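**Q** Sequence:
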Amino acid sequence: MTPLKYLQGYPASLQEQVRQMIAGERLGDYLAQRYEGRHAIQSDKALYAYVMALKQEHLKNAPAIDKVLFDNRLDLTHRALGLHTTISRVQGGKLKAKKEIRVASLFREAAPQFLQMIVVHELAHLKENDHNKAFYNLCEYMLPGYQQLEFDLRLYLTWRDLQSNTPA
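Take the sequence shown: its position 72, counted from the start at 1, is 72 in the numbering used here, and no numbers get skipped.
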């Protein structure tokens, strides 16, 4: 039985369905049918504008974001597809906090829905720190169908791993 590292939290019956898709070489076709093409956001400046537009639409009262960028150092070995950080510095006699969102560079090549899902996930952390029910409700509010997109993203990551392990 092949371990599905991105799907470990899902029921065994669902994992078995995914294994059957992999065995039948249908996983790539499923993803291509649902998520064709890739987005046009390729620069950090464009990503910042995209994130700010989503923030303005859904989280007007959330703290300001100072920096948004694609990060080559984020990878799947650290289980991070995106990061939200707060960096605090003392300037004069005041403590200044800067908020950053970093998105793994692999999402430059991904479908627009996957980029949107990662951005929504990181924006939700501006209001909710933990992955609790309120967090996922906020994600679902900002992006209806969020749960399905998160699952399909995990399928996409599984498929990418399979492609990188296949000899050319």
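Hints are computed from structural coordinates only; laboratory data are not their basis. Just so we're clear, the structure is a prediction, and the values are computed from it rather than from any experiment. Note that CB positions come from ideal geometry on N, CA and C, so glycine has one too. Hints are not guaranteed to be accurate.
Said to hold, decoys possible - In silico PhoX-like cross-links for lysine-lysine, where the CA-CA straight-line distance does not exceed 25 Å:
1. Lys133 / Lys96
2. Lys45 / Lys5
3. Lys45 / Lys98
4. Lys45 / Lys96
5. Lys67 / Lys5
6. Lys98 / Lys127
What the hints assert, rightly or not - What follows is a list of derived Cβ distance ranges for each label pair:
7. Arg89 / Gly24: 33 to 41 Å
8. Asp161 / Arg108: 13 to 21 Å
9. Gly93 / Glu140: 36 to 44 Å
10. Lys98 / Leu162: 20 to 28 Å
11. Lys60 / Ala12: 40 to 48 Å
12. Arg108 / Lys60: 26 to 34 Å
13. Glu140 / Ala12: 21 to 29 Å
14. Leu162 / Pro63: 23 to 31 Å
15. Gly93 / Ser164: 45 to 53 Å
16. Glu25 / Ser88: 33 to 41 Å
17. Lys98 / Asn72: 35 to 43 Å
**Q** So which hints don't hold here, by number, going up?
**A** 1, 2, 5, 7, 10, 14, 16 and 17
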